[in-house]
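Novice: In case you want the letters, here they are:
Number of protein chains: 2
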Amino acid sequence: MATSSGRVDTPFFMPIATKAAIKSLTVAEVKDLGAQIILSNTYHNYLRPGVSTIKKFGGLHQFMNCDLPILTDSGGYQVFSLSNLRKIKGNNIEFRSHIDGSLQILNPKKVIDIQGALGSDIMMVLDECVGLPTTKKKAQEALERTHRWAKMSIDYKKKLGLKSVKIRKQLLFGIVQGADFKDLRLQSAQYLGGLDFDGLAVGGLAVGESTKTMYEVLKYTVPALPENKPHYLMGVGYPENIIAAVKYGIDMFDCVIPTREARHGKLYIANGKLLMASGQVNYKTISITNAKFAKDKSPINKDHPLLKQYSKAYLHHLFKTQEPLALRLATLNNLKFYLDLMKEIRRAIKVGKL
Amino acid sequence: MATSSGRVDTPFFMPIATKAAIKSLTVAEVKDLGAQIILSNTYHNYLRPGVSTIKKFGGLHQFMNCDLPILTDSGGYQVFSLSNLRKIKGNNIEFRSHIDGSLQILNPKKVIDIQGALGSDIMMVLDECVGLPTTKKKAQEALERTHRWAKMSIDYKKKLGLKSVKIRKQLLFGIVQGADFKDLRLQSAQYLGGLDFDGLAVGGLAVGESTKTMYEVLKYTVPALPENKPHYLMGVGYPENIIAAVKYGIDMFDCVIPTREARHGKLYIANGKLLMASGQVNYKTISITNAKFAKDKSPINKDHPLLKQYSKAYLHHLFKTQEPLALRLATLNNLKFYLDLMKEIRRAIKVGKL
Numbered sequence: 009m010a011t012s013s014g015r016v017d018t019p020f021f022m023p024i025a026t027k028a029a030i031k032s033l034t035v036a037e038v039k040d041l042g043a044q045i046i047l048s049n050t051y052h053n054y055l056r057p058g059v060s061t062i063k064k065f066g067g068l069h070q071f072m073n074c075d076l077p078i079l080t081d082s083g084g085y086q087v088f089s090l091s092n093l094r095k096i097k098g099n100n101i102e103f104r105s106h107i108d109g110s111l112q113i114l115n116p117k118k119v120i121d122i123q124g125a126l127g128s129d130i131m132m133v134l135d136e137c138v139g140l141p142t143t144k145k146k147a148q149e150a151l152e153r154t155h156r157w158a159k160m161s162i163d164y165k166k167k168l169g170l171k172s173v174k175i176r177k178q179l180l181f182g183i184v185q186g187a188d189f190k191d192l193r194l195q196s197a198q199y200l201g202g203l204d205f206d207g208l209a210v211g212g213l214a215v216g217e218s219t220k221t222m223y224e225v226l227k228y229t230v231p232a233l234p235e236n237k238p239h240y241l242m243g244v245g246y247p248e249n250i251i252a253a254v255k256y257g258i259d260m261f262d263c264v265i266p267t268r269e270a271r272h273g274k275l276y277i278a279n280g281k282l283l284m285a286s287g288q289v290n291y292k293t294i295s296i297t298n299a300k301f302a303k304d305k306s307p308i309n310k311d312h313p314l315l316k317q318y319s320k321a322y323l324h325h326l327f328k329t330q331e332p333l334a335l336r337l338a339t340l341n342n343l344k345f346y347l348d349l350m351k352e353i354r355r356a357i358k359v360g361k362l
Numbered sequence: 009m010a011t012s013s014g015r016v017d018t019p020f021f022m023p024i025a026t027k028a029a030i031k032s033l034t035v036a037e038v039k040d041l042g043a044q045i046i047l048s049n050t051y052h053n054y055l056r057p058g059v060s061t062i063k064k065f066g067g068l069h070q071f072m073n074c075d076l077p078i079l080t081d082s083g084g085y086q087v088f089s090l091s092n093l094r095k096i097k098g099n100n101i102e103f104r105s106h107i108d109g110s111l112q113i114l115n116p117k118k119v120i121d122i123q124g125a126l127g128s129d130i131m132m133v134l135d136e137c138v139g140l141p142t143t144k145k146k147a148q149e150a151l152e153r154t155h156r157w158a159k160m161s162i163d164y165k166k167k168l169g170l171k172s173v174k175i176r177k178q179l180l181f182g183i184v185q186g187a188d189f190k191d192l193r194l195q196s197a198q199y200l201g202g203l204d205f206d207g208l209a210v211g212g213l214a215v216g217e218s219t220k221t222m223y224e225v226l227k228y229t230v231p232a233l234p235e236n237k238p239h240y241l242m243g244v245g246y247p248e249n250i251i252a253a254v255k256y257g258i259d260m261f262d263c264v265i266p267t268r269e270a271r272h273g274k275l276y277i278a279n280g281k282l283l284m285a286s287g288q289v290n291y292k293t294i295s296i297t298n299a300k301f302a303k304d305k306s307p308i309n310k311d312h313p314l315l316k317q318y319s320k321a322y323l324h325h326l327f328k329t330q331e332p333l334a335l336r337l338a339t340l341n342n343l344k345f346y347l348d349l350m351k352e353i354r355r356a357i358k359v360g361k362l
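Order-wise, the sequence lines are chains V and A. If you're matching positions, the first sequence starts at 9 in the numbering used here and goes up one per residue. If you're matching positions, the second sequence starts at 9 in the numbering used here and goes up one per residue.
Source of the hints: derived by calculation from the structure; they are not laboratory data. It cannot be assumed that every hint is accurate.
Identical copies go unnamed one by one, so any copy, or any two together, can satisfy a pair.
Subject to a maximum C-alpha distance of 20 Å in a straight line, what follows is the list of computed SDA-like cross-link-like pairs (lysine to any residue) [stated by the list, open to error]:
#	residue 1	residue 2
1	K39	L314
2	K39	P313
3	K303	R56
4	K274	P332
5	K97	S13
6	K316	A36
7	K300	F65
8	K316	D75
9	K63	D304
10	K281	A214
11	K328	R153
12	K144	E352
13	K316	E37
14	K305	A356
15	K145	L194
16	K64	K118
17	K310	N73
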C-alpha cells in the first residue's frame, strides 16, 4: 500500500499512539521493531494539543517526530464511548470533553478538516459505532447515519481538494458498520464499496461480541468489499484473531492489547517458531508479576538487543517496585511480538503457506 | 578514583537508582550522558528484591545490567526516615518494612554483609543521620553510635575479608555526622579520618538546614578530613550547591533533584556556557507544564541526539496527557544537565579556573 510517507507491506499491525505518543516508546524504537505505520486519534488530538498547535508544526508527523505513515481514526468510537452528554443534532455530535467538560461539536466535515490539519496519511470518516449486543432498529439508524456521513465526507474531501495540506496526498477510508446483522453488513459493504474510498474498514467489531460472531461477520462482510482496496479490521485483536482475520481477507490491524496488557505485566512470548504449519500462532502469555518469576534468570526476549540484556526476574522487580522502566521493557516486548507475528504472516503468504 | 568496575574522574555526580533502576532510563543511556558511576540503596535492595535474588545473579551489577561502578548507600537514612516503629536495641535497628509492615533488623555487620552480596564498588557504613534542627544531646548520642558502628563495620569487613564476594574489591566509606555543631563535626572528621576507610562522606546535610549552615559545616569539616581520600557530600544538591561544595573540597555527589524534579516537569536548562568565569552556574529552570510552552517549537535540548528531535511543545503535551514518554525525556534532560555540569567543573579544575 502506498502512502505519502512511504510504502507499507500488508498485512500490517499499527502500534497505537492515541494521544500522539506510543506508551513510553519513541517512534524510532517501534520502527526498529518493524513497525511500518502507526495509529493516532482525531478526537484526542483535537481536544489536546488542539488543531492550532498541530498546525503550527505543519502536522502530526512533525509535532510528534514521526517519520512513519500515520493513520488517524476519526474519533467516532471515542465520541460515542468516552464523552458525556452526547447529543446528535442533524450531522453534529454535541458532546462534553472527557478532559475538561467543555462543550464540543464534531461533524463529518470537521473531522476531515481536523485530519487535514493533522496531515495523516490515512484519514477515517466519522461513523457511528454501536456496541454489541444491539437491536436491529438501533443498528439500522446508526448505519444510515454512517452512510450519510461517509458520502458527505468523501464529497467534502473532493471539493476541498485538501487545500489546507498542500503537498501530502491523504487517503480516505470508509467504515462498514451494521452490527451483527448480515443484511445490514452486506448493504454497508456494497454502498461504501461503491464510493471512491481508498480503502474500507470493518468497524463495530470487538465491541462486546463473541469471537464466533466476529468471525461470522468477517466471513460474509469481507468478500462483499472491493477486492482491490485495502481492508482494515478496526481494534482487533488477539494473535489468533489476527491470523483468522487475515484468512478472511483483512490487510490492516490496530489494537491496544499489546500496549495495554504490557501495563499490567502481561507479556506475549513466542514458543519457538511463532507461526506453525497449521497456521496457528505458537505463543503463551505470562504474568511477569507472578512470584515464580522473582528469580528467573532467563532473558525477557533473547532475540531483542535491549530485552536480551534483562532477566525476567529484573522485569518482575521493576513491576513490583513500580519503576517506570517496567512499562518501557514490557511494551517493547509485546509490540515486538505483534510486529514479529505480522512479519511471519507476510512471509507465510509470500510462500503460499497462508 | 579506582573502583573494581573502572576508574572514575572526580568530582562526579551519581545518578540515582535507589531500587536498582534509574527512573525510566537504562544504565546505557545515562552512561551515554557521561555518568561514570551510579548510586543504589542497601535498605531498598534488601527489602526488594532481597539478598537471595541478588545473590542468585552474582550481584547487583548483573541483576540490573549495569557495567558502571555502583555505590550503595547503607540505608541508615532510609531506616530513620521511611520505616515505622523504629527501635534501637544495642547495635540492632528494629523496624517495620515500609512495604509490607514486616519486622526487620539491620545492624552494622548485616549492612556490610548485604553490600557484600550486592557487590557494590563502594559500600557505606551504617550511620545514624539526625534531621536539622536538633539538640546537641541528640546529635552527640547519634554521633557516638555512628562512630561505634563505623569502627565495628571496618573491623568486620577486615575480618570477613569479604569472602562472600571473592573477586571484587569493594571500597568502604565512613560517614561524618555531628549535625551543625562544629566541635562534633571536627571530632567526627578526626575519629573517622583516623580509621582505615577508603573515603569519607559528609552525612547529615540537606536535611532541613539553610544553605548558609550547610556551607559553614562544609567549611570547617572538609579541611579536617584526610586530604588523600575522596570526600563525598551525601544528597546534595542544586547546581550552585555543587559548585560551592567542590570549592570546599568535595569530590562526590548524589541527589534526587534531577530525577524527582523531572517527574514534576521542572527542567534544568543551560544558558549558553554552563560555567561562567566567575565560577557561577549559568542556568535556569522551566516548568514545562506552563501554558507558555504549549506551542514552543524550540527543541528540549539542541545538544542531545534524542532531545533535539522533540520540541518543548511536544514535551508539554506529553506531561498534559500523562504520557510515560514525558518522564523519560525530562529525566534525560535533567541528568544531562547535571552530568554536563560535572564535566565543566572537571574541565575548569584542570585548567586551574576553579
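Novice: With reference to the structure, classify each hint as holding or not holding.
Specialist: Here is what the structure says about each hint:
1. K39 with L314: both (15 Å within a copy, 15 Å between copies)
2. K39 with P313: both (14 Å within a copy, 17 Å between copies)
3. K303 with R56: Answer is between; shortest inter-copy Cα gap is 12 Å, intra-copy 42 Å.
4. K274 with P332: both (15 Å within a copy, 18 Å between copies)
5. K97 with S13: neither (37 Å within a copy, 69 Å between copies)
6. K316 with A36: Classified as both; 19 Å inside a copy, 14 Å across copies.
7. K300 with F65: between (48 Å within a copy, 16 Å between copies)
8. K316 with D75: between (27 Å within a copy, 15 Å between copies)
9. K63 with D304: between (49 Å within a copy, 13 Å between copies)
10. K281 with A214: Neither way: K281 and A214 sit 28 Å apart in one copy and 56 Å across, limit 20 Å.
11. K328 with R153: Neither way: K328 and R153 sit 48 Å apart in one copy and 34 Å across, limit 20 Å.
12. K144 with E352: Neither, since 39 Å and 72 Å both go past 20 Å.
13. K316 with E37: both (15 Å within a copy, 16 Å between copies)
14. K305 with A356: Close neither inside one copy (33 Å) nor across copies (45 Å); limit 20 Å.
15. K145 with L194: within (16 Å within a copy, 87 Å between copies)
16. K64 with K118: Only inside one copy: K64 and K118 sit 18 Å apart there, 60 Å across copies, limit 20 Å.
17. K310 with N73: Between copies only: 14 Å across, 29 Å inside.
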